[in-house]
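Enquirer: Line order of the protein sequences matches chains A and B.
Take full-length UniProt numbering: the last position of the first sequence gets the number 372, and nothing is skipped along the way.
Take full-length UniProt numbering: the last position of the second sequence gets the number 372, and nothing is skipped along the way.
In short, the hints are calculated from the structure, not lab data.
Careful, some of the hints might be misleading.
Calculated pairs, DSS-like style, for lysine-lysine (alpha carbon to alpha carbon, straight line, at most 27 Å) [as the list claims (entries may be wrong)]:
no.	chain 1	residue 1	chain 2	residue 2
1	B	K146	B	K21
2	B	K146	B	K172
3	B	K172	A	K21
4	B	K341	B	K146
5	B	K146	A	K23
6	A	K21	B	K337
7	A	K334	B	K172
8	B	K21	B	K337
There are 2 protein chains.
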Amino acid sequence: MVGGGQLARMTHEAGIPLGIKFKLLSDTPQDSAAQVVSEVVVGDYRDLDTLRAFARGCDVITFDHEHVPTEHLRALEADGIPVRPGPDALVHAQDKGVMRAKLTEIGAPCPRHRIVEDPADVAAFAEETGGFPVVLKTVRGGYDGKGVWVVRSEADAAEPFRAGVAVLAEEKVDFVRELAANIVRSPHGQAVAYPVVESIQVDGVCDTVIAPAPELGERLAGEAQQLALRIASELGVVGHLAVELFETRDGRVLVNELAMRPHNSGHWTQDGAITSQFANHVRAVLDLPLGDPRPRATWTVMSNVLGGDFPDMYQAYLHCMARDPQLKIHMYGKDVKPGRKVGHVNTYGDDLADVRERARHAADYLRGTITE
Amino acid sequence: MVGGGQLARMTHEAGIPLGIKFKLLSDTPQDSAAQVVSEVVVGDYRDLDTLRAFARGCDVITFDHEHVPTEHLRALEADGIPVRPGPDALVHAQDKGVMRAKLTEIGAPCPRHRIVEDPADVAAFAEETGGFPVVLKTVRGGYDGKGVWVVRSEADAAEPFRAGVAVLAEEKVDFVRELAANIVRSPHGQAVAYPVVESIQVDGVCDTVIAPAPELGERLAGEAQQLALRIASELGVVGHLAVELFETRDGRVLVNELAMRPHNSGHWTQDGAITSQFANHVRAVLDLPLGDPRPRATWTVMSNVLGGDFPDMYQAYLHCMARDPQLKIHMYGKDVKPGRKVGHVNTYGDDLADVRERARHAADYLRGTITE
Chain A
1 MVGGGQLARM
11 THEAGIPLGI
21 KFKLLSDTPQ
31 DSAAQVVSEV
41 VVGDYRDLDT
51 LRAFARGCDV
61 ITFDHEHVPT
71 EHLRALEADG
81 IPVRPGPDAL
91 VHAQDKGVMR
101 AKLTEIGAPC
111 PRHRIVEDPA
121 DVAAFAEETG
131 GFPVVLKTVR
141 GGYDGKGVWV
151 VRSEADAAEP
161 FRAGVAVLAE
171 EKVDFVRELA
181 ANIVRSPHGQ
191 AVAYPVVESI
201 QVDGVCDTVI
211 APAPELGERL
221 AGEAQQLALR
231 IASELGVVGH
241 LAVELFETRD
251 GRVLVNELAM
261 RPHNSGHWTQ
271 DGAITSQFAN
281 HVRAVLDLPL
291 GDPRPRATWT
301 VMSNVLGGDF
311 PDMYQAYLHC
321 MARDPQLKIH
331 MYGKDVKPGR
341 KVGHVNTYGD
351 DLADVRERAR
361 HAADYLRGTI
371 TE
Chain B
1 MVGGGQLARM
11 THEAGIPLGI
21 KFKLLSDTPQ
31 DSAAQVVSEV
41 VVGDYRDLDT
51 LRAFARGCDV
61 ITFDHEHVPT
71 EHLRALEADG
81 IPVRPGPDAL
91 VHAQDKGVMR
101 AKLTEIGAPC
111 PRHRIVEDPA
121 DVAAFAEETG
131 GFPVVLKTVR
141 GGYDGKGVWV
151 VRSEADAAEP
161 FRAGVAVLAE
171 EKVDFVRELA
181 ANIVRSPHGQ
191 AVAYPVVESI
201 QVDGVCDTVI
211 APAPELGERL
221 AGEAQQLALR
231 IASELGVVGH
241 LAVELFETRD
251 GRVLVNELAM
261 RPHNSGHWTQ
271 DGAITSQFAN
281 HVRAVLDLPL
291 GDPRPRATWT
301 VMSNVLGGDF
311 PDMYQAYLHC
321 MARDPQLKIH
331 MYGKDVKPGR
341 KVGHVNTYGD
351 DLADVRERAR
361 HAADYLRGTI
371 TE
């Protein structure tokens, strides 16, 4: 696996029971996954020679993030190393311009969008689509609200162009809430769909995920799952695909983002589904039959733990574990920095209000924003 | 953790979500746990200097097995390293003579027993307890049927004395079945009890565990749990304690063996309980509040996978995963040798016959004793 973040950490955890040999390419020996994996190569994934040396002897390569240059992935494939997801799929999660063009081509519902050249062009796009605000995104390199701007005027629109990366303009969708349709697809074409979840963002960062999305009609849930399955098939995705969606006021779903790897909106599956997204990602990448994606509880809630005031989590563990013996804590071994995702908690049960409160309390306590 | 077997492997897996730093002392770099842990020291646990060097910088030491010499554990404690379970507790899992003496002292029900000196003394013991057969055990070093003999005559009784280790004689109990009462206890005295399970042995090796034990009356289940809690408290156990029991024909339980570490009879908890034995062992050893031990399913069945004809498990995975998408496979990364425990499977559901059949089929298929 390329990339030493928490997704690699949790993928390794999920791979241990299968007895597979897991090798990691990590930026540093301190990265989240590097702390818990036996075979770690420290190196730069942007360097093709490093990637090639790492890949030697691997049966298959997969990823913790989407940042490996597409041309390097093509080079690995040319060397005969299976890359899953492959570059032709992954480019759609790497480049938002390519993603929007392809989704439009296959008729997947998207916000109105086009590549814009400069602030004047943004104003023209606003004119075409009903006015400001407009969402601007650099086509490459963004995540967790980085590389995304909501601009309210032409004068406001200069910043995104400074990076020298192409900029995509999208209408600001009047959405009721955000959903995610997560599926896993294997090379031989088997696919499983997890229940559609609601994803609640705070300051552009995922805060809480509720599985399944409350009061989501069967029709729309089915549509969202079918949409994700169709995107995976049309784009040739192998592994976990997260399709982040807007639920519009008029009862439609529009594709917001794609991620081709385990995803924050699927962390609830570790404790809430029969097979976790991580286990199914491993199975897909190895072309093994996929595990049952159905939920094990009526409701599962995931809340992210952001870095706060506790450099040492031990005291917080004492409180949280004693208060809620059913609580599931997942920490990433990261240095605590304010605002950084350092872990998440999962709770489950039959009473949604209770399940949400337990996750909220634990996440806030572990961050240090509450003390009782 | 001292010892690189599958228990350490699964303990590491369970510790990853807590963000703890896990260090392993392993006999070889190829041991089951050494394959998946980042920080591995290769060395001999029988050597005190090796143990001392390993323990330096550890907040606490725990074990994959009971074989570390008791006097070495006392030396580590004298060095100021917390050892959990400590030597005063662990000696009861190391030395069956000490265990029987202590259990008798606290009034825990045991088969009739005494240390025997030679075959003539075995015959005398048989005389006292109703005749042959008699069970002979070396007081140290046995596991999985090794170090245990069922002898039918004085002439039969020579073998156990050849090792030069003290020999314990026990009456051969006329039991209905074997049970296990598993509990976890923390240094501050909190304890949780898992449901009592039925353990089915084949050729002296655990084959299948059913949780909870079918048709076990509430009274006897409660007695078994109370007995395990009392033993843990009286012996000062910290961490997971497995109390292996005989259920007698007249409706009592007798203590067969003690294990003070995660145990084969608790593997079902990985997929069948809210908190696994491994997670609770870690929490106990770190003196954190314990997790909820209750089951998540009506029935959970664990069946061990013994080494068989498949050196490579991939083809078997294809069949087993496709046949049963809910199957949970746990392999240990061990070289497959005939008869060696190389993994286990867990299944769960509402219909015990179905749950058992699925576990049986998968274990047999993975071993290679069936091919469809």
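Enquirer: Determine for every hint whether it applies to the structure shown.
Expert: Hints versus structure:
Between K146 (chain B) and K21 (chain B) the alpha-carbon distance is near 34 Å, which puts this suggested pair outside the 27 Å criterion. Our distance criterion of 27 Å between C-alpha atoms is met by K146 (chain B) and K172 (chain B), whose separation comes to about 17 Å. Restraint check for K172 (chain B) and K21 (chain A): not satisfied, since their Cα atoms lie roughly 44 Å apart, outside the 27 Å limit. The hinted pair formed by K341 (chain B) and K146 (chain B) meets the criterion: a straight-line CA distance of about 14 Å does not exceed 27 Å.
For a cut-off of 27 Å, the pair hint linking K146 (chain B) to K23 (chain A) is broken: about 36 Å separates their Cα positions. With a C-alpha separation of about 19 Å, the suggested pair K21 (chain A) and K337 (chain B) falls inside the 27 Å cut-off, and the hint holds. Our distance criterion of 27 Å between C-alpha atoms is broken by K334 (chain A) and K172 (chain B), whose separation comes to about 55 Å. Between K21 (chain B) and K337 (chain B) the CA atoms are separated by roughly 32 Å; this puts the pair beyond 27 Å, and the hint is violated.
Consistency with the previously given hints fails for numbers 1, 3, 5, 7, 8, ordered from lowest to highest.
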